[in-house]
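Visitor: If you read the sequences in order, they're chains Z and X. Under this note's numbering, residues 113 to 446 are what the first sequence spells out, in order. Under this note's numbering, residues -9 to 341 are what the second sequence spells out, in order.
Hints listed in this document are in silico derivations from the structure and should not be mistaken for laboratory results. Given the structure is predicted, the values throughout are model-derived calculations rather than measurements. A hint or two may mislead.
Claimed, not checked - Incomplete in silico selection of chain Z near chain X, CB under 8 Å:
id, residue
1, Thr147
2, Leu265
3, Ile270
4, Phe277
5, Leu282
6, Gly424
7, Ala439
The beta-carbon is built from N, C-alpha and C at its ideal position, and this holds for glycine as well.
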Amino acid sequence: MLLKRTSYKWIGLFVTFLLMFGFMCASVIFGYADTTWRTAIDSFTHYNGSNEHIIIQKVRIPRALIAAAVGASLAIAGVLMQTLTKNPLASPGIFGINAGAGFAVVVAMTIFSVHNMQSFNVLAFLGAALAAFSVFIIGSFGREGLTPMKLTLAGAAISAMFASFTQGLLVLDEALLDQVLFWLAGSVAGRNLETLISVIPYMTIAWLGAIFISGKMNIFAMGEDVAKGLGLNTGFIKIAIGVLVILLAGSSVAVAGPIGFVGIIVPHLARAIVGMDHRWVIPMAGVLGAILLLAADIAARYIVMPSEVPVGVMTAAIGTPFFIYIARRGFNAR
Amino acid sequence: MSKYKNLRLFNGKMSLLIDRKAAFIYTTLAIIAFVVFVISTGLGEMKINPLTVVKVLLGLGPEMETLVITSFRLPRIIVALTVGISLAIAGAILQGMVRNPLASPEVLGISGGAAVAVVGFMSIFSDQNHSLTVSIAWLPLAAFIGASVVGVLVYFLSWKNGVSPIRLVLIGIGISSLMQAFTTFLMVTGPIYQASQANIWITGSVYGSNWTNVVILVPGAVILIILAILATRLLNIQELGDDVATGLGDNVQKHRFLLLMLSTALIGISVAFAGTIGFVGLMAPHMARRLVGSSFEALIPTSAFIGGILVMLADLIGRTVFSPLEVPAGVFTAGIGAPYFIYLLFKTKNS
Chain Z
113 MLLKRTSYKW IGLFVTFLLM FGFMCASVIF GYADTTWRTA IDSFTHYNGS NEHIIIQKVR
173 IPRALIAAAV GASLAIAGVL MQTLTKNPLA SPGIFGINAG AGFAVVVAMT IFSVHNMQSF
233 NVLAFLGAAL AAFSVFIIGS FGREGLTPMK LTLAGAAISA MFASFTQGLL VLDEALLDQV
293 LFWLAGSVAG RNLETLISVI PYMTIAWLGA IFISGKMNIF AMGEDVAKGL GLNTGFIKIA
353 IGVLVILLAG SSVAVAGPIG FVGIIVPHLA RAIVGMDHRW VIPMAGVLGA ILLLAADIAA
413 RYIVMPSEVP VGVMTAAIGT PFFIYIARRG FNAR
Chain X
-9 MSKYKNLRLF NGKMSLLIDR KAAFIYTTLA IIAFVVFVIS TGLGEMKINP LTVVKVLLGL
51 GPEMETLVIT SFRLPRIIVA LTVGISLAIA GAILQGMVRN PLASPEVLGI SGGAAVAVVG
111 FMSIFSDQNH SLTVSIAWLP LAAFIGASVV GVLVYFLSWK NGVSPIRLVL IGIGISSLMQ
171 AFTTFLMVTG PIYQASQANI WITGSVYGSN WTNVVILVPG AVILIILAIL ATRLLNIQEL
231 GDDVATGLGD NVQKHRFLLL MLSTALIGIS VAFAGTIGFV GLMAPHMARR LVGSSFEALI
291 PTSAFIGGIL VMLADLIGRT VFSPLEVPAG VFTAGIGAPY FIYLLFKTKN S
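Okay, chain Z solo, but in the shape it has when bound (with noise of 0.2 Å):
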């Protein structure tokens, strides 16, 4: 760990905000319209109507908090997930939550021919919270849970069987892979700012949630035995985290389309930094999200411009390597 007194910890948390708030001006500045401080002021101060103006208001100013909020989601999610399975590679992504809600929102516009967002909410927590729901069952199987190996092999072949149902959909129907295809790579473009709002309730409850039970989840990840031992009520921290698994990736899923690797790398980032201690991993690893996604979401529009890779393959592409490293060192050297 990188911080090891309580003050610095305070210090860090503090400096990794400032470092949020500033990428996320860059967010609001850079892009393919070029625009500067000044405009971005001006936007708020003398509103003109100028085409800066309002890209600066309708399109950039969303787009960063939304990459912001999700980000911070994702990576909660990854760290509750991590801690309940006892498992380095455990993320929204490697479950197949992503897949498995991306599929949701799939069948509901083929099948049912749903295309409001609000049911594209609602959809997409289903998915994901029958994802969650596997991970509960996976993660409660047995005293140790199964090994990484096996949960990953589960998550490679859930994740495998959606992405197949999903393709099959699509290839039925053509007209609307067009449709769908950028959502399903993930991104946080084109998004106006009530898509944030209808689901940034549930994230500021899920959240806080996390900030809540962190005391516990220190307790628990010494162990079930000793947890509950120590008097912990091991079933109740289980279904706490399970719920908030599925708020935060669901409600991430539902704005941004399936994002995966975040909530793989940003806690062990977290980690290393202010150490095991959950009640600063996770209010750290919510900044450190947040940073990870402006950052990725600022370099998707400069790779192939004037057009935009989804944030979901730049994620992808900082994250395998990263995967990888976790993989070659093991999963004893935690």
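Fit chain X to the given chain Z structure using the hints.
Guide: For chain X alone, coordinates are given in the frame of chain Z:
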């Protein structure tokens, strides 16, 4: 009569142990495969009596039926059969090599590599009107190269004083999600027409197979299948685990690499002609193990026939049940395969 029949070739340089019971089982399966083949050839828009199908296959059938069968149905079904066989053998090899019954071609990212190559091929070699500038015949080669590159890449990334099966699988999964991201990227940036073409292909379908495909696919597959049968001895040793295998004088790492390349080649040629038909490589060896046990001499042919039957059936259902729509075969194999996989997972946990 002993349980095994020993077969020695070339003065004992090569030997095979044939399990009599297993030989009976896979002969039965071969007959079932043939029956499915004939029935599947007969079903479709125009129904043809199985007897007529056999006559046509022998070159004695009526003109109209001969035309329909030889120019439309036969190439497609031969491709389905060959692809099923290749995928099943590839899966059996992988599972033996990794010593984990849950490994499969799609998990190692090899199919994903082929998918990236195909989508990349479509977007690089096309002009403003979205028509291909080079012959479509090069597409299988691209897929094959994609699969091989990923196979080698996964192998070398897993190298750390030798390749351990666990690392191989985990890194394969990581690489496979990266490949998926690349595929999506290419589909999103390319024109929508290409995206839908690519999507059909990725889902895994033998739609539109012709004799040209058969002529390239079948000889390649036959060579690889023969190699796989010769490699059964290596597989049996690999399955004992690194320590025992080394103790028996086996060059574990070298043979592991050779086996990986063999299964990559099998996956590569199947993916090249039929896209990524998932879960066959996972299911077929398992069903085979139930029937004949885990000795690879019996396992390889048994799973081969099961794989062939599975893909032919999936294709048959896909093109007849929802007619006039064509549902890609890959959807059905995933539909059966994934629940089966979860069942396996729970079973291995309890034992």
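Visitor: Work down the list of hints and note, for each, if the structure agrees.
Guide: Here's how the hints hold up against the structure:
A distance limit of 8 Å between C-beta atoms decides the matter here; for Z/Thr147 the minimum to chain X is near 24 Å, and the interface restraint is violated. Given hint, Z/Leu265 at the interface with chain X, holds; its Cβ is 4 Å from that chain's nearest Cβ, closer than 8 Å. Evaluation of the Z/Ile270 hint against chain X yields a held restraint, the C-beta minimum of about 7 Å falling below 8 Å. For Z/Phe277, the shortest C-beta to C-beta distance to chain X is roughly 7 Å, which falls under 8 Å, so the interface hint holds.
A distance limit of 8 Å between C-beta atoms decides the matter here; for Z/Leu282 the minimum to chain X is near 6 Å, and the interface restraint holds. Nearest Cβ of chain X to the Cβ of Z/Gly424: about 7 Å, under the 8 Å cut. The hint holds. Of the supplied interface hints, the one on Z/Ala439 holds, with its beta-carbon coming within about 4 Å of a beta-carbon of chain X, less than 8 Å.
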